[in-house]
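*Asks:* Sequence:
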Amino acid sequence: MRSNFEKELHELHDNFGRMGRLVSENIGRAVKSFIDHDKQQAQYVIDTDPSINGIEVDLEKKSFEMIALQQPVTTDLRNIVTIMKASSDLERMADHAVSIAKATIKVKGEARVYGIEDEIAHTADLVIQLVIDALEAYRVQDDQWAREISKQDILIDKQAKKINAHIISEMKKDPDTILGNTYYMLVTSYLERIGDYATNICEWVVYLKTGKLIELNNHVKHDSQDN
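For the sequence shown, the UniProt record's numbering assigns the number 1 to the initial residue and increments by one for each residue that follows.
Keep in mind that a hint or two might mislead.
Pairwise CB distance ranges (calculated) [as the list claims (entries may be wrong)]: (1) 172 x 10: 53 to 59 Å; (2) 111 x 72: 52 to 58 Å; (3) 75 x 178: 52 to 58 Å; (4) 144 x 67: 26 to 32 Å; (5) 77 x 109: 33 to 39 Å; (6) 109 x 155: 30 to 36 Å; (7) 13 x 215: 21 to 27 Å; (8) 10 x 145: 20 to 26 Å; (9) 161 x 72: 40 to 46 Å.
The calculated lysine-lysine pairs, modelled on PhoX-like cross-linking and capped at a C-alpha distance of 20 Å, are [said to hold, decoys possible]: (10) 209 x 85; (11) 85 x 39; (12) 32 x 108; (13) 161 x 173; (14) 212 x 85; (15) 7 x 61; (16) 151 x 32; (17) 102 x 85; (18) 85 x 62; (19) 161 x 151; (20) 151 x 209; (21) 39 x 151; (22) 102 x 32; (23) 162 x 173; (24) 106 x 151; (25) 158 x 173; (26) 61 x 32; (27) 39 x 106; (28) 162 x 151; (29) 62 x 7.
Simulated from the structure, these hints should not be mistaken for laboratory data. Keep in mind the model is a prediction, meaning the values are calculated, not measured. Glycine included, every Cβ here is placed at the ideal spot set by N, Cα and C.
Throw the hints in and build the complete structure from the sequences for me.
*Replies:* What follows is the structure in structure tokens.
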């Protein structure tokens, strides 16, 4: 029974890792499609999202089955709960990647502001690295590293504020860029939210190792909500 449980748990971890790789790849594709105005690449992100959703559904179903049939306790139960919760965060990241892809299709042909696009691309690099690092911290189950990784989200939030200020300035200077800039603002908000969900995964790594539910970068989130 124990060896069978460990095999099933190992498969859960592997499938979560596969889902994580697909999500981080689609985030990268979505942003690149937006910057390049590549509708074909954007459509690929939209078309592959159901398979990501399918993995998340399978993970949740298998997790519930293991809890019901195996009745795991302590560390084993935390492992399963962490996968369920973190896969839900990954699914939301994938949804935001789809939103970026849809923005790509809608924005094509609008006036472009290349300086803002460069800033969005730089912020996307930070976000994707945060996602990759958070998933690696989960893989090696390093809660101290997860705490450090989560601090990257502070920089992402600062970058988002900087971009939004630039967007507003461009809107005032040139009304022809208003529609395109609106999409820039949306994409920036999607990237910021992806960073928040990656931070959530770091929080689940801490829970996995310590059994404590904490909120990383709590003061930053509250500051952004209050402003």
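*Asks:* Is residue 162 close enough to residue 173, meaning Cα to Cα at most 20 Å?
*Replies:* 17 Å, holds
*Asks:* Evaluate the given range 21 to 27 Å for the C-beta pair formed by residue 13 and residue 215.
*Replies:* 24 Å, holds
*Asks:* Take the C-alpha atoms of residue 39 and residue 151, compute the straight-line distance between them, and say whether it is at most 20 Å.
*Replies:* Not satisfied, since the Cα-Cα distance of roughly 33 Å exceeds 20 Å.
*Asks:* Are the Cα positions of residue 85 and residue 62 separated by 20 Å at most?
*Replies:* 13 Å, holds
*Asks:* Does residue 85 sit within 20 Å of residue 212, going by the straight-line distance between their CA atoms?
*Replies:* Given that 20 Å is the threshold and the Cα spacing comes to 14 Å, the pair holds.
*Asks:* Are residue 7 and residue 61 close enough, with their CA atoms no more than 20 Å apart?
*Replies:* 16 Å, holds
*Asks:* When you check the alpha-carbon spacing of residue 151 and residue 209, does it fall within 20 Å?
*Replies:* Holds. Residue 151 to residue 209 sits at ~19 Å (cutoff 20 Å).
*Asks:* Against the 20 Å threshold, does the CA-CA distance of residue 209 and residue 85 hold or violate the hint?
*Replies:* Holds, because 15 Å separates the two Cα atoms, which is no more than 20 Å.
*Asks:* Between residue 144 and residue 67, is the Cβ distance one that fits in 26 to 32 Å?
*Replies:* 28 Å, holds
*Asks:* Keeping to a limit of 20 Å between CA atoms, is the pair of residue 62 and residue 7 held or broken?
*Replies:* 13 Å, holds
*Asks:* Should the hint that residue 172 and residue 10 are 53 to 59 Å apart at their CB atoms be regarded as holding?
*Replies:* 56 Å, holds
*Asks:* Decide if the proposed pair is consistent with the structure: residue 162 and residue 151, CA atoms, cutoff 20 Å inclusive.
*Replies:* 18 Å, holds
In summary, the numbered hints that this structure violates are 5, 11, 16, 17, 21, 24, 25, 26.
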